[in-house]
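Assemble the complex: chain A is given as a structure, and chains B, C and D must be docked to it using the hints.
Residue numbers (our numbering), protein chains in the order written: chain A, 1165 to 1546; chain B, 1165 to 1546; chain C, 11 to 302; chain D, 11 to 302.
Just so you know, the hints here were simulated from the structure itself, not pulled from any lab data.
A virtual CB, placed ideally from N, CA and C, is assigned to each residue, including glycine.
Among these hints, one or two may not hold up.
[As the list claims (entries may be wrong)] Simulated DEER-style distance windows between Cβ atoms:
id: 1; chain 1: B; residue 1: Arg1538; chain 2: A; residue 2: Asp1359; range: 49 to 57 Å
id: 2; chain 1: A; residue 1: Thr1170; chain 2: B; residue 2: Glu1428; range: 57 to 65 Å
id: 3; chain 1: D; residue 1: Glu164; chain 2: A; residue 2: Thr1170; range: 27 to 35 Å
[Said to hold, decoys possible] A few chain B positions that, by computed beta-carbon distances, are all more than 12 Å from chain C:
id: 4; residue: Pro1195
id: 5; residue: Ala1205
id: 6; residue: Pro1281
id: 7; residue: His1348
id: 8; residue: Met1358
id: 9; residue: Thr1364
id: 10; residue: Ala1414
id: 11; residue: Gly1502
id: 12; residue: Glu1508
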Amino acid sequence: MQLSDTTEEADFRRRLREWLGKTLPELPAAPDPSDWPGRRAFDTAWQRRLFDAGYAGIHWPVDAGGRGATPSEHLIFLEETELAGAPYVGANFVGLLHAGPTIATEGTPEQRARFLPPVLRGEEIWCQGFSEPGAGSDLAALRTRAVRDGDAYVVTGSKIWTSHAEVADWCELLVRTDPDAPKHRGITWLAMPMDAPGVTVRPLKTLAGTTEFAELFLDEVRIPVANRLGAENDGWRVTMVTLSFERGTAFASETVACQREVRELARVARANGAWEDLELRRELATLAAEFAALWRLVQWNVSEAAANGVPGAGGSVFKLRFSEARQRLYDVAARVVGGEALLEGAWSAQRLQGLSYTIAAGTSQIQRNIVAQRILGLPRGR
Amino acid sequence: MQLSDTTEEADFRRRLREWLGKTLPELPAAPDPSDWPGRRAFDTAWQRRLFDAGYAGIHWPVDAGGRGATPSEHLIFLEETELAGAPYVGANFVGLLHAGPTIATEGTPEQRARFLPPVLRGEEIWCQGFSEPGAGSDLAALRTRAVRDGDAYVVTGSKIWTSHAEVADWCELLVRTDPDAPKHRGITWLAMPMDAPGVTVRPLKTLAGTTEFAELFLDEVRIPVANRLGAENDGWRVTMVTLSFERGTAFASETVACQREVRELARVARANGAWEDLELRRELATLAAEFAALWRLVQWNVSEAAANGVPGAGGSVFKLRFSEARQRLYDVAARVVGGEALLEGAWSAQRLQGLSYTIAAGTSQIQRNIVAQRILGLPRGR
Amino acid sequence: MEFRLTEDQHSLQRALRQVVTDRQPSWQELTEVGLFQLRVPEPEGGLGLGLPEAVLAFEEAGRAVLAGPLVGTEVAAAVLGLDGRAEVVRVPARGPVLVPELPTLDHVLLLHPDDSLAVLPAAAVDAAPAAAVDPDRPLWRLDGTPPPGERTPETRRVAADATLLTAALQVGLASRTVAEAVAYARTREQFGQPIGAFQAVQHLCADMLARAELARVAVYAAAVSGDEVEIAGAKLLADDAAVHGARDCLQVHGGMGFTWEARVHRLLKRAWAWEQAGADRERCLESLATRL
Amino acid sequence: MEFRLTEDQHSLQRALRQVVTDRQPSWQELTEVGLFQLRVPEPEGGLGLGLPEAVLAFEEAGRAVLAGPLVGTEVAAAVLGLDGRAEVVRVPARGPVLVPELPTLDHVLLLHPDDSLAVLPAAAVDAAPAAAVDPDRPLWRLDGTPPPGERTPETRRVAADATLLTAALQVGLASRTVAEAVAYARTREQFGQPIGAFQAVQHLCADMLARAELARVAVYAAAVSGDEVEIAGAKLLADDAAVHGARDCLQVHGGMGFTWEARVHRLLKRAWAWEQAGADRERCLESLATRL
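Extracted from the complex, chain A is given alone in its bound form (with noise of 0.2 Å):
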């Protein structure tokens, strides 16, 4: 068992932190969170810069464009970007680390040649069309229908929690092709353009007040065949195929993050007297054994990863103990700064916005179910 740095790593390391050090300075500042296009502008260049540093894709294939950095690498990158306080990928999010990859790995030669370069340089932004109001976390019940039409397919339905789809140039797109076939069978993979006609995207509030996503809503758009990845009636797998990619580093940024979040926490609470109250101290030191425990087990699984190829089934004890970690962070803060919590603030922001962590991408339940029957082996019920 090594933690530190090989002679190599170190080296990566120490370069890349040169380069943030020379290049954060340089950068605009950060656009309002309401200012999509000023988003996309902020997001784009900095992935622009990325690109012309090297660092673009740092994860993917050489022959798709990327980097081919080591798990180990590609860990050291999030760890040193996040610690700097880089931007975060924002609107190239879905780009880089779903449709990209996706693409990377199922597309045709053309394919990958259309879409690989312009989200390695910055310039097309993608979001995600696959959770649907009445599927919930049984994504596989989505009913967006599909009718093939000629040399397209005709699109519709309705999407949600679609992040950044106010910029994005095209979807990756989940839609149901085969009605009649089991739910994860007759499922197609479609890469949408956002201008589409038929395409209608709506702003969802959230409980947080803000509008980082979108419902999409899709009237007989249509849909080039060509644009389709892999086989009709194989999104299923197409999809799935790409969790593959991330290799144990999914939240290893927000893991950092949350490090400095407590460290934060415990210098206003000793400016504010919070400090002295010896319960909130215990609950600020179990915090800090919590993430420092998490990050650890981030850096385990992508040795594992590294070494064999997937995570394993660590992911969803990982998602676990996080999302339950860094909601209670957030009660915790509220009791350390008191009646601030009640008001609108990074605190009290952050707290909202972690009520998602134990029901986006798969419930705590649903994460519980599957530890228990894929890791455990514990029988399904009647």
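Okay, now just chains B, C and D, sitting in the frame of chain A:
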């Protein structure tokens, strides 16, 4: 809403308190817990004193030989005896609180005349033969078999978790008389003499190291048909009917006891310095609030039962909260007493015994099912 | 002992539920129905009822998640004989002093940590508007040092009653979270069955109910006894039932509870706000510890 | 970074599991297999391995719930170069000083709250036998004032290593509770299906696993870094995984876990004992807070 005593209740309380003040100093020292004959003698002598003073079968109907007290008076009785440190019902438990009331409700005049007076006078001890090793929380899955043979049932099987079996005269026994009927339908209630040939009592050592319970092994035990309560195969209903006798008082003494234990723990904490630990102090304060509220819930349920005849569905809610609060009480106690928690003693014995609270008489999981389905009306799963 | 609602109390409960449920009655309507005059003696134009009746009324107000300076207005009328809108505001152990609804108030009843009370004309209070998380409960941040108050048996009553009535609001809100969670769980289907058929959801709801019911009885009993420590215990349980309940209600609603429109979040935001109103957790625990 | 077991570490783990699983090896066997010599340098007759290997070995010992003065004997040999049986005993914040297995010991390593250490010949320790809750871990209660100790870098190492190795025992025990609960839940039937098919039981087991896995990685990482605060965090998580796991394991077993014979209770009793060995929760939290 009224929490104070009526004139009659105040009078009842005053007389009881006087009697307890006079009587308790006259009692002999309590026997060692492992001395079963001594325990029987002590418990039955106490019952005889209650009988002589008119407090025996306080909640039993007058025509069954009881006092026919109101639920409020019954509660006062439980509260005052607990506060005064009077003996527990002990070996008389099953006779007074389950078998007796069952016979009083479902028995023939002959059965009532035969069985009830000895219970009230502390002359006969009953035990309960319901649970089986294979059945657990699914009580109705019991498999002890009774086959009719002339004027007797021939019973073979085994029972578990039987208290006071070593010194009991009678056992209220549930047996399966129709193996082909749905599981709740083929059960019959029998009064089994404990000295019948074929009855073997084996003490069961629990995790606390004590033998508070026993296993019963029944090998072709002949039980006269005259000892059957109610009709053949109607034993489940016969047994359940008794629960309406309880009228919300089931955990009353224990709730009073827990309040006393929290106060005692605060005294221990003040003496050994644990009180200086703000977190522990708050834990104790939280427990004080919970047990105070649970006592109010007892009073509420008793008042509802007095008005409506049944305690309502509040029993599961009470048991859920009480079990968990009480287990937490002993966990907090372990933190207060420090290293003493690793040594045998009153607090560690309570902590070990307390592990049963979320298991016995329906696990907390079962209680939550009951609350969700019967009170909240949520649907059963497929 | 007869610790259950009397027929009159049942009637009061039913009547109030009718007024407040599924609509947001105007302040005028709340005043007319007598919400703030329940405990004012009959000779002074009130209904001459007691703390238990006030608690029943405020439970209904909480169930309906009513907005406005409910608690302070009632306490000002019942304990201090003050007409008009008022709110009880506690100077917290740390963080700003926040006054809800300041421009609509006639009086601010400022309670210091030692329970001394300053009765301030609202117009004289120097405060700046602050952006509140709960959109239905606007807040103003007090400027400067809070003026000192005085301690009398009456001021202790203000402190205790405000805590108890807030606890009653929380109990009503907690029951509301149970009702909303159960209603959603009965109809929403996932994996081919209503989510309410999943044991995980059932157990979440069962625990929500258990917390709400225990808190309810605790609040009723504290209203009957009027005891300060019992009130502290009731508030502690009611806050837990409301906050935890609203949190779990949101979890049961899944993604659909995460939208602004779903309004589930308003239960949680209000529960958070009321948790800090009256005595907060730390103060309640301190009070409970004094009697141990 | 390659934060996973090396091939040698896997072999060590397998070898030890074979020695300790499903049997109680004698002290002689444990000594022969080198459990206490893992970290002793090769020139001195040891195996010359590091803290990570010791942690892997103690995880297996914990999984098998081995009895005896394991931690102290290892630390005495590895850090202090002392032969023979020893146990590390902490003077607690309150309550008696308890020495496990005293008559079998050669040394008692007495750690004061300030981490100063007194190395005492066991024969010179004045103590009376006390009835222990854990039947496999007899205790003696120290009489009189514990003799003072001294603080050196070595004594801090004793404190940290003892805490870490105890955490490793707890991680092994926590994994054992998962295995036992799952095995029982797969076979025990209630209401017509294995109880492991009920979501409530599944979720209990899933949380048990999640706690055990997180603690395991934390303990491994602390062994690699050797950092005192990371060790404190690992112990905190390992104690929680073990105690909570054993508690839940008992709940899964229902009434059948409540018998003496079922032996499930031994997991819980040992988890309680090890929770207080090395640094306890309060001390771990204090240590963690110093770095915040």
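Hints, one by one, checked against the model:
{"no.": "1", "hint": "B:Arg1538 with A:Asp1359: 49 to 57 Å", "verdict": "55 Å, holds"}
{"no.": "2", "hint": "A:Thr1170 with B:Glu1428: 57 to 65 Å", "verdict": "60 Å, holds"}
{"no.": "3", "hint": "D:Glu164 with A:Thr1170: 27 to 35 Å", "verdict": "32 Å, holds"}
{"no.": "4", "hint": "Pro1195", "verdict": "33 Å, holds"}
{"no.": "5", "hint": "Ala1205", "verdict": "36 Å, holds"}
{"no.": "6", "hint": "Pro1281", "verdict": "31 Å, holds"}
{"no.": "7", "hint": "His1348", "verdict": "22 Å, holds"}
{"no.": "8", "hint": "Met1358", "verdict": "39 Å, holds"}
{"no.": "9", "hint": "Thr1364", "verdict": "39 Å, holds"}
{"no.": "10", "hint": "Ala1414", "verdict": "16 Å, holds"}
{"no.": "11", "hint": "Gly1502", "verdict": "19 Å, holds"}
{"no.": "12", "hint": "Glu1508", "verdict": "27 Å, holds"}
Comparing the model with each earlier hint shows no violations; every hint is respected.
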